[in-house]
Amino acid sequence: MIKSLYRIQAIFLKELTQLKRDKMTFAMVIMIPLVQLILFGYAINTNVRHIPVAVVDLSQSALSRVLVQTVAATQVVTFSEQFYDIESAHAALEQAEIRAVLIIPQDVSQRIARHASVGFGLPASSDEETSRPIAQWLVDGSDTMIAGAIKGLRNMPLAELLSKPSNRTIPTFEVTLLYNPEQRTAVNIVPGLVGIILTMTMIMFTSAAIVREREHGNMEMLITTPIRPIELMLGKIIPYIFIGLLQVSIILGLGYMLFSAPINGGLWALFCITLLFIAASLTLGLVISTIATNQLQSMQMTIFVLLPSILLSGFMFPYEGMPLIAQYIAEALPATHFMRLVRGVILRDVGFTDMLPDVYWLSLFTIAGLAIASLRFKKNLD
Amino acid sequence: MPDLVIQAKQLSRHFGELKAIDKLDLNIDKNRIYGFLGPNGCGKTTAIRMLTGLLKPTSGEIQVLGLSLPKDAEKLRLRMGYMTQKFSLYNDLTVKENLQFIAKIYGISGTAQKSRIDELLSIYGLNQKQQQLAASMSGGQRQRLALAAATLHKPDLLFLDEPTSAVDPENRREFWEQLFDLCDQGTSILVSTHYMDEAERCHKLAILEDGVKRADGTPEQLMNNIAAHVVEIEAEGLRHLKQQLVTLPDIVTAAQLGARLRVLIKNTVSDPIGFLEHHTDIESNKFTIVRPSLEDVFIACTGSSRQ
Ligand SMILES: Nc1ncnc2c1ncn2[C@@H]1O[C@H](COP(=O)(O)OP(=O)(O)OP(=O)(O)O)[C@@H](O)[C@H]1O
Ligand SMILES: [Mg+2]
Chain A
1 MIKSLYRIQA
11 IFLKELTQLK
21 RDKMTFAMVI
31 MIPLVQLILF
41 GYAINTNVRH
51 IPVAVVDLSQ
61 SALSRVLVQT
71 VAATQVVTFS
81 EQFYDIESAH
91 AALEQAEIRA
101 VLIIPQDVSQ
111 RIARHASVGF
121 GLPASSDEET
131 SRPIAQWLVD
141 GSDTMIAGAI
151 KGLRNMPLAE
161 LLSKPSNRTI
171 PTFEVTLLYN
181 PEQRTAVNIV
191 PGLVGIILTM
201 TMIMFTSAAI
211 VREREHGNME
221 MLITTPIRPI
231 ELMLGKIIPY
241 IFIGLLQVSI
251 ILGLGYMLFS
261 APINGGLWAL
271 FCITLLFIAA
281 SLTLGLVIST
291 IATNQLQSMQ
301 MTIFVLLPSI
311 LLSGFMFPYE
321 GMPLIAQYIA
331 EALPATHFMR
341 LVRGVILRDV
351 GFTDMLPDVY
361 WLSLFTIAGL
371 AIASLRFKKN
381 LD
Chain B
1001 MPDLVIQAKQ
1011 LSRHFGELKA
1021 IDKLDLNIDK
1031 NRIYGFLGPN
1041 GCGKTTAIRM
1051 LTGLLKPTSG
1061 EIQVLGLSLP
1071 KDAEKLRLRM
1081 GYMTQKFSLY
1091 NDLTVKENLQ
1101 FIAKIYGISG
1111 TAQKSRIDEL
1121 LSIYGLNQKQ
1131 QQLAASMSGG
1141 QRQRLALAAA
1151 TLHKPDLLFL
1161 DEPTSAVDPE
1171 NRREFWEQLF
1181 DLCDQGTSIL
1191 VSTHYMDEAE
1201 RCHKLAILED
1211 GVKRADGTPE
1221 QLMNNIAAHV
1231 VEIEAEGLRH
1241 LKQQLVTLPD
1251 IVTAAQLGAR
1261 LRVLIKNTVS
1271 DPIGFLEHHT
1281 DIESNKFTIV
1291 RPSLEDVFIA
1301 CTGSSRQ
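The listed protein sequences correspond, in order, to chains A and B. Reminder that position 147 of the first sequence reads as 147 in the working numbering, one-by-one numbering, no gaps. If you count the second sequence from 1, you need to add 1000 to reach the working numbering.
Some clues are possibly wrong.
[Said to hold, decoys possible] Partial list, derived from the structure: chain A residues whose beta carbon lies under 8 Å from chain B:
| hint | residue |
| --- | --- |
| 1 | ALA10 |
| 2 | THR17 |
| 3 | ARG21 |
| 4 | PRO133 |
| 5 | ASN180 |
| 6 | GLU220 |
| 7 | MET221 |
| 8 | THR225 |
| 9 | PRO226 |
| 10 | ILE227 |
| 11 | ASN380 |
| 12 | LEU381 |
| 13 | ASP382 |
[Claimed, not checked] In the EDC-like style, the derived pairs of lysine to aspartate or glutamate whose C-alpha atoms are separated by at most 16 Å in a straight line are:
| hint | chain 1 | residue 1 | chain 2 | residue 2 |
| --- | --- | --- | --- | --- |
| 14 | B | LYS1056 | A | ASP382 |
| 15 | A | LYS379 | B | GLU1074 |
| 16 | A | LYS20 | B | ASP1092 |
| 17 | A | LYS378 | B | GLU1074 |
| 18 | B | LYS1086 | A | GLU213 |
| 19 | B | LYS1023 | B | ASP1210 |
| 20 | A | LYS23 | B | ASP1092 |
[Claimed, not checked] Calculated Cβ distances over 12 Å to all of chain A for the following chain B residues:
| hint | residue |
| --- | --- |
| 21 | TYR1090 |
| 22 | LYS1129 |
| 23 | HIS1279 |
Read the hints as simulated data drawn from the structure, not as lab findings. For each residue, glycine too, the CB sits at the ideal point set by N, CA and C.
Using the sequences plus the hints, can you model the full thing?
Dropping the structure here:
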């Protein structure tokens, strides 16, 4: 038993020394979370703003100009061009110079006067007339995010247009936004990024770990020593646990400083679930490394796991919105379970005990992975 | 009968169609240096890997240090050392770190570890190099480091797979001195090589070719029992003479050594000088019967496939 621990320590120290000498890998340990955090934090923004659009103003009235200004004031769109007929606007849309066109009809003032959202005591008109919209948007609908943002303008208030008090209908539902009231994307992205970066680096490092020994010819020496497969596996993954924790600290610390991404939950719970996820990812990497015969193969398999982890884990798209089959695949990925846990702890301060299913699943995954890797690892060259 | 450390019966290993080792019988004495002599690809590494429990034999039985392989391979690990053909320590660790790593793996700790490593460093002349990365050492130094690592836990049995392939003759001599020292201290050694001078130093050796053992015994036995006469001819026009002789079925080979031609004649020919006189027009005083060397033995045993 003592001997066993001693051998694990030998492998652990050896890995650490090798890592220390491998400047490139060491730099990547720091740079991957740093760069990813900054990229994702700044680039991924589901609150779309300043979409370039054009206007075709067929009425050329004072009112239409005020309408354009009011729309621009929302900052959702920026009017970058003006056309005098619909055809040229269409052409610009096709060239992707603009993403949408606002077409203001000739009779815009009448339409506004009769419009329900402004609706003030004009002689009652037919239903058909009152329900006519004020103007029309032609949108490049290929990007659903942009289309969605412009669709969001459909019911924008127009009261100030006529300096009249608004009598918009009282909303059917009152919506209270908990946990991220300002709706900042980074708040949701930063904890998710912890899962993605750990999936990437942890699987990558360990999947190369055993393959590298084989490629460099060290394996033939190692397997003639009394070391046991499980000792080798444990010794190999322990250094990376520390690296994983270091990366998590970088992401969360920097996320807090740059994007004010809060940590609402307890640090202790956060530490536990992170440790669990690191262990699960590392053992997955070990299993890969017992299958791959060279480092290129181990890299390909890492990507094979990484892509669904990014796409299906709930990092990019809500889990609930995915088709059933995708949900099943997602359930198999450690990243999905971690995504739930980490968002729960960081954003909603959920207690550890409330997330037992995910915790159990990750623990089971780790134990199974370690067992499979140790069993698959044969101490011979056949 | 002295103790045997390695016993193999009808040992075979096939890779698909290829018979890398074919029905090999081995009896290796304790406390001796035993050599595998053979050309590239003859199966030396494959044989050693089976004897260390790294490869499963296709058929045959192996007993090493009284343990039957591959069943008891794990028990053997503590009692054997293996120096692989390709350097298999860590290039990105220093000499000392490599040795410390191996020591820990074998459960040697504390002061025992320190004194053993210091001892090895001075035996193998690596004291000055202990902080140097293995990658930056010369071939000979790396070889000494590998030997130090393989003997760190004082194994009873040492396997060395072409240990001196990257070592100059001077260092090779020294390396062999160290092997004899180890042997003196009670270690049994199995070493593979394709150098004749090295093979000649072994107590006993086996000549392998295409996975088959062609001959075995002490170098003296092998040289005495050679199935050929060795005759050296000193004459003009040796190139032409050689062409002429090798066509004769009773000539095993003819090789030029400077101004002499060394000819191996099958010992089915009872009077080699008369035979040569009959087939050439050179006077008899130009022929000398010489003592066979190990190289002659090697060529005589392995010649069959060349014809
Ligand atoms: N894993 C393997 N798969 C298929 N063939 C193999 C394998 N290992 C060895 N061989 C074949 O078995 C034969 C013997 O190889 P081996 O490495 O034992 O030769 P060797 O005597 O050690 O040669 P060298 O002096 O070049 O080291 C060769 O023909 C080789 O191609
Ligand atoms: Mg070999």
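Status of the PRO133/A interface restraint (C-beta, 8 Å, chain B)
Violated - the Cβ of PRO133/A stays beyond 8 Å from chain B, reaching only about 70 Å at its closest.
Does the structure keep LYS20/A and ASP1092/B at a Cα separation of 16 Å or less?
holds, 10 Å
Is the Cβ of LYS1129/B more than 12 Å away from each Cβ in chain A?
Check passes; 17 Å lies beyond 12 Å.
Does ASP1210/B sit within 16 Å of LYS1023/B, going by the straight-line distance between their CA atoms?
holds, 11 Å
When the least beta-carbon distance from THR17/A to chain B is tested against 8 Å, hint result
Holds, because the Cβ-Cβ distance from THR17/A to chain B comes to roughly 6 Å (cut-off 8 Å).
Minimum Cβ distance from MET221/A to chain B below 8 Å?
Cβ of MET221/A sits 4 Å from chain B, so the hint holds.
Hint check: 8 Å Cβ-Cβ cutoff, GLU220/A to chain B:
GLU220/A check passes; min Cβ-Cβ to chain B is 5 Å, inside 8 Å.
Restraint check, 8 Å cut-off on beta carbons, for ARG21/A near chain B
holds, 5 Å
Tell me if the interface restraint on ASP382/A is satisfied: Cβ within less than 8 Å of some Cβ in chain B.
holds, 5 Å
For the hint on ASN380/A, just tell me whether its beta-carbon gets within less than 8 Å of chain B.
Where the cut-off is 8 Å and the nearest Cβ of chain B is about 5 Å from ASN380/A, the hint holds.
Interface hint check: LEU381/A, Cβ to nearest Cβ on chain B, cutoff 8 Å. Holds or violated?
holds, 5 Å
If you draw a straight line from the CA of LYS1056/B to the CA of ASP382/A, is it 16 Å or shorter?
This hinted pair holds, its Cα atoms lying about 7 Å apart.
In terms of the numbered hints stated before, the structure departs from hints 4, 5 and 21, listed from lowest to highest.
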